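Enquirer: For this one, chain L is given, so just place chains P and C on it according to the hints.
Chains as they are written, first to last, in the working numbering: chain L, 1 to 642; chain P, 643 to 758; chain C, 759 to 907.
Keep in mind the hints are simulated off the structure, nothing from the lab. This one's a predicted model, so the numbers in the text were calculated from it and none came from an experiment. All C-beta atoms, glycine included, are put in the ideal place defined by N, C-alpha and C. Treat the hints with care, as some may be off.
Cβ pair distances, simulated, as ranges [said to hold, decoys possible]: (1) C:851 with L:324: 26 to 36 Å; (2) L:81 with P:658: 30 to 40 Å; (3) L:359 with C:907: 36 to 46 Å.
With the Cβ distance kept under 7 Å, some of the chain L side facing chain P (calculated, not the full set) [said to hold, decoys possible]: (4) 9; (5) 10; (6) 13; (7) 51; (8) 52; (9) 55; (10) 56; (11) 169; (12) 226.
Derived coverage of chain C by chain L (criterion: at least 3 residues anywhere in the stretch with Cβ under 8 Å from a Cβ of chain L; other residues may be distant) [stated by the list, open to error]: (13) 806-818; (14) 893-907.
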Amino acid sequence: MDSAQYAELFLTESREHVSAMNHALLALEQAGDAGGVVAGDQVSAIFRAVHTVKGMSATMGYTAIADLSHQLESLLDRVRRGALQVSPQLMDLLFRSADTLEAAVEEAVQGRDAPPGTASLLDALRTFSRTSGGMTAIPAPTTGSVWSVEVPDGDGVGIRVRLVRDTPLRGVRAYLVVEAARRLGTVTAISPSIGQLQAEQFGDDFALRLVTDDVEGALAMLRSAGDVADAVLAESAPEMFDLLALEHAGPGLVPGGGSAGPRVQHHVRIDLRRLDALMNLIGELVITRGRLVQLAMAADDVALTETVAQASRLVGDLQDEIMQSRMVPVGQVFDRFPRLVRDVARTLEKQVAFTIEGTDIELDRSMLDEIGDPVMHLIRNALDHGVESPAVRVAAGKPPQGRLTLSAFRDRSAVVVRVEDDGRGIDRARVIARARERGLIHGNGADLTDDDVVKLITRAGFSTAERVTDISGRGVGLDVVVAGVRSLGGSVDVRSTPGRGTSVTMRLPLTLAIQRSLLARVGGETYALPLTHVSETVELTPETLQAVKGREVLVLREDVLPVLRLRELVGLPRSAQADPEQVVVLETADRRAALIVDDLTTQLEIVVKQFDGVRGGSTLFGGATILGDGAPALILDVSSLL
Amino acid sequence: MLICDDAIFMRTMVGDILQQAGFEIVGEAETGVQAVEKYKQLRPDLVTMDIVMPDMGGIDAVREITKFDPGAKVLMCSAMGQQALVIEAIQAGAKDFVVKPFQPSRVLEAVQRVLG
Amino acid sequence: MMDEDAVANGPVGSTRTLLFRVGERVYGCDIAAVREIVPFRPATRLPGAPPYVLGLINLRGILTTVLDLGGWLEPERSPAEGGSIVLVDHGARHVGLAVDEMLDVQGIVPEPLGDVASGRGGVLKGVGRMDETVVILLDVSTLVEQVLA
Numbered sequence: 001m002d003s004a005q006y007a008e009l010f011l012t013e014s015r016e017h018v019s020a021m022n023h024a025l026l027a028l029e030q031a032g033d034a035g036g037v038v039a040g041d042q043v044s045a046i047f048r049a050v051h052t053v054k055g056m057s058a059t060m061g062y063t064a065i066a067d068l069s070h071q072l073e074s075l076l077d078r079v080r081r082g083a084l085q086v087s088p089q090l091m092d093l094l095f096r097s098a099d100t101l102e103a104a105v106e107e108a109v110q111g112r113d114a115p116p117g118t119a120s121l122l123d124a125l126r127t128f129s130r131t132s133g134g135m136t137a138i139p140a141p142t143t144g145s146v147w148s149v150e151v152p153d154g155d156g157v158g159i160r161v162r163l164v165r166d167t168p169l170r171g172v173r174a175y176l177v178v179e180a181a182r183r184l185g186t187v188t189a190i191s192p193s194i195g196q197l198q199a200e201q202f203g204d205d206f207a208l209r210l211v212t213d214d215v216e217g218a219l220a221m222l223r224s225a226g227d228v229a230d231a232v233l234a235e236s237a238p239e240m241f242d243l244l245a246l247e248h249a250g251p252g253l254v255p256g257g258g259s260a261g262p263r264v265q266h267h268v269r270i271d272l273r274r275l276d277a278l279m280n281l282i283g284e285l286v287i288t289r290g291r292l293v294q295l296a297m298a299a300d301d302v303a304l305t306e307t308v309a310q311a312s313r314l315v316g317d318l319q320d321e322i323m324q325s326r327m328v329p330v331g332q333v334f335d336r337f338p339r340l341v342r343d344v345a346r347t348l349e350k351q352v353a354f355t356i357e358g359t360d361i362e363l364d365r366s367m368l369d370e371i372g373d374p375v376m377h378l379i380r381n382a383l384d385h386g387v388e389s390p391a392v393r394v395a396a397g398k399p400p401q402g403r404l405t406l407s408a409f410r411d412r413s414a415v416v417v418r419v420e421d422d423g424r425g426i427d428r429a430r431v432i433a434r435a436r437e438r439g440l441i442h443g444n445g446a447d448l449t450d451d452d453v454v455k456l457i458t459r460a461g462f463s464t465a466e467r468v469t470d471i472s473g474r475g476v477g478l479d480v481v482v483a484g485v486r487s488l489g490g491s492v493d494v495r496s497t498p499g500r501g502t503s504v505t506m507r508l509p510l511t512l513a514i515q516r517s518l519l520a521r522v523g524g525e526t527y528a529l530p531l532t533h534v535s536e537t538v539e540l541t542p543e544t545l546q547a548v549k550g551r552e553v554l555v556l557r558e559d560v561l562p563v564l565r566l567r568e569l570v571g572l573p574r575s576a577q578a579d580p581e582q583v584v585v586l587e588t589a590d591r592r593a594a595l596i597v598d599d600l601t602t603q604l605e606i607v608v609k610q611f612d613g614v615r616g617g618s619t620l621f622g623g624a625t626i627l628g629d630g631a632p633a634l635i636l637d638v639s640s641l642l
Numbered sequence: 643m644l645i646c647d648d649a650i651f652m653r654t655m656v657g658d659i660l661q662q663a664g665f666e667i668v669g670e671a672e673t674g675v676q677a678v679e680k681y682k683q684l685r686p687d688l689v690t691m692d693i694v695m696p697d698m699g700g701i702d703a704v705r706e707i708t709k710f711d712p713g714a715k716v717l718m719c720s721a722m723g724q725q726a727l728v729i730e731a732i733q734a735g736a737k738d739f740v741v742k743p744f745q746p747s748r749v750l751e752a753v754q755r756v757l758g
Numbered sequence: 759m760m761d762e763d764a765v766a767n768g769p770v771g772s773t774r775t776l777l778f779r780v781g782e783r784v785y786g787c788d789i790a791a792v793r794e795i796v797p798f799r800p801a802t803r804l805p806g807a808p809p810y811v812l813g814l815i816n817l818r819g820i821l822t823t824v825l826d827l828g829g830w831l832e833p834e835r836s837p838a839e840g841g842s843i844v845l846v847d848h849g850a851r852h853v854g855l856a857v858d859e860m861l862d863v864q865g866i867v868p869e870p871l872g873d874v875a876s877g878r879g880g881v882l883k884g885v886g887r888m889d890e891t892v893v894i895l896l897d898v899s900t901l902v903e904q905v906l907a
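Chain L on its own, in the form it takes in the complex:
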């Protein structure tokens, strides 16, 4: 069978099962000694996950994973049956197994060997099983063409049955043959015993005595049972008996006591590439719609305009539906973090209560795939640099157990993801010292506001290799996280109170592919401003513009906003004419500014496309789109602008 077509499915599903396994492991660990029913449920859940992975991997021909999950399953079965107690050593082994399993799954799908450490883990699993209980001896199957068993004494004809060699679950197969024989007549004797057959304590063949009036028919039936190589009459002369009533142990008909049952969902699996292709097509369609609407308006034909408007709405609905089909709950990514927090906290000998909120908030698949790493780094940083050790916390008058919260929520057309701790907060003095070292600031930094200090951490080049500890491990500095989130069209806001904690808030567009944007014009050029970062637009009146300390600011209600002029940003001369200009209030997670443009034309969905930038080109643009008339327009990267 061509396995390639299943590899993707295998990967997705195995990841889910490993994730489920990790969850159950955590719950099991928390249930601790007082486990009881909870522990039993968790062990069963782990067993199910491992078992499913085993079946899938064996089918895919990933023998390393199948072997690993098989050993794991045996171990778990012993735990489930109570033959093995849950101990810290066992938990460690199981956690380690989950990690190796996860890595092995990823490697296998890439066509690579199992990760290093798989062999030693297998040994460890075997050793654990062995040292914690006896092994069942499995008799070596006898092979060859000679009959290995004597036909037992009894009534009826003697029948020898040989199974196909290496038949899986030989014991069950033999049991099925005996069952089939029982339906054909009366089985008076079996050798070896039915118990031995079930336990696979026999070679390839076994024998039985059957009372039946149609020996040939019975032999034919037995031969056609599954995996039977041969079924023959033994030499001993048959004695004919009357046919006895067919035995049927079937239970009587009982009206089904059906339960309410779980919610039944109707799902269809769609290849992700197909979804991406659909997304691209709808993107092109949206662009064409723009063009069509323009043409229809120019044609000034009522019937045409109406039809185009209707088609336009349909395209919009279609787009919504396709977008919706790509949405996945953030829980899919968040689910792996409890495990991470546990491991890191343990290594650091810190106590942390980790809470996740808003796991059902949905994001486009493309975006979700990208945020996992930034969030992971934030969590690692919070544990490493934020949450203090229990002793330090107690000394500071805090409870020994720190709090770490990961939350997600919707805010207009954005999704906000926040990582918050109640740790020591950002150390102002250390940040300033580091920034001076890196040449990011000069002087002693005494004039810097707290906000400026936080900004320093997020500046590119702030973090360095030497800051990377074992725990941040593969972890990276906040500046790298910020850059990553910005490249996704999002923004990051950091807030920190010394001694009270730090919160990092990421504001993300729902999807990478399509953004609702405002089109702004300056000097005949069009630029797109993503609505994720537009809080409002106002007409510019002279009295709202003021100069503070030589810098232009805009007074908007109680806010004083720094002023940016799009013309200057894109290297055009200041507007000469006195036409009323427009102001767009831009916002990122933590900053706001007023952007002055010549004119705002329209609000529309744009398809974000990447292009190869040139050396020395502006970094203010996070991509480009194609307008209704086919011309490219640059998309302003508001995060890097502010």
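Expert: Frame of chain L; chains P and C shown alone:
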């Protein structure tokens, strides 16, 4: 045909094997409870049943299905090392079994045997 | 009639070369690097980019950066406003080169450049002859690498 397995992967694979052989898949179930409900609703000619499933395992599901329809034809899908469970399933009314990893020919042979 | 193979492949040791005119000069580049040639079209300006970068054009939904080859070779020239755009590939990246006029594809035997034009970062990689005209051969991969970020 009704396919019961908690893994989409397995459902897909079994489904593909059966469909390629010309069988019609009338439904899928991911839990034992669903399997029983769908059996009652769809009355399939054959059920493939995974042993380990959440919300009522495969064996209990076989028991329920056989209670409802003693003539039900259930083919167990098992893994190596589950002999005791498979035997229990057969005692509960399952007609035959296949062992993972699935080979299409073996699955189809078993299906033919069960359909008689 | 000339031997058709000679026309198609040129003399021994020659490279199939796309020939085009920029200003008064004839330039050539290896045809293997050329994906497509399209008529000139206005580009969307890229703020902050050097003057020889014309900007972005939309090529069937793909955004392509276009360089003004004339402006790059002779910075004092005014930017191109017509002619053709030669699309060249370099790995996964692609760039359009605006030229004044397409001429021909010929087999050209490259000769070392000598001291005529050192510099330009190795983009000018040799000379050749088309009939009586001297052709300057460009290494477009190097050009793309130099210009793209």
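Enquirer: The structure should be examined with respect to each hint, and the outcome stated for every one.
Expert: Hint-by-hint comparison with the structure:
The beta-carbon spacing between residue 851 (chain C) and residue 324 (chain L), approximately 34 Å, falls within the hinted interval of 26 to 36 Å. A C-beta distance of roughly 35 Å is found between residue 81 (chain L) and residue 658 (chain P), which places it inside the suggested range of 30 to 40 Å. Look at residue 359 (chain L) against residue 907 (chain C): about 38 Å separates their beta carbons, and that is inside 36 to 46 Å. With a cut of 7 Å, the hint placing residue 9 (chain L) at the interface with chain P holds, because the nearest CB-to-CB distance is about 5 Å.
The beta carbon of residue 10 (chain L) comes within 5 Å of a beta carbon in chain P, closer than 7 Å, and the hint placing it at the interface holds. The restraint placing residue 13 (chain L) at the interface with chain P holds, with a minimum CB-CB distance near 5 Å, inside the 7 Å limit. For residue 51 (chain L), the interface hint holds, since its Cβ comes within 7 Å of a Cβ in chain P; the closest pair sits about 5 Å apart. Proximity of residue 52 (chain L) to chain P holds as hinted, the smallest CB-CB distance being about 5 Å (cut-off 7 Å).
Checking residue 55 (chain L) against chain P by beta carbon gives a least distance of about 4 Å; that is within 7 Å, so the hint holds. The criterion of a C-beta within 7 Å of any C-beta in chain P is met by residue 56 (chain L), whose closest approach is roughly 5 Å, and the hint holds. Interface restraint check for residue 169 (chain L): the shortest CB-CB distance to chain P comes to about 5 Å, inside 7 Å, so the restraint holds. For residue 226 (chain L), the shortest C-beta to C-beta distance to chain P is roughly 6 Å, which falls under 7 Å, so the interface hint holds.
Residues of the stretch 806-818 of chain C lying with their CB closer than 8 Å to a CB of chain L number 8, which satisfies the three-residue condition for coverage. Chain L is given as covering the stretch 893-907 of chain C, and this holds because 4 residues of the stretch bring a CB closer than 8 Å to a CB of that chain, at least three being needed.
Every hint, counting from the list given before, is met by this structure.
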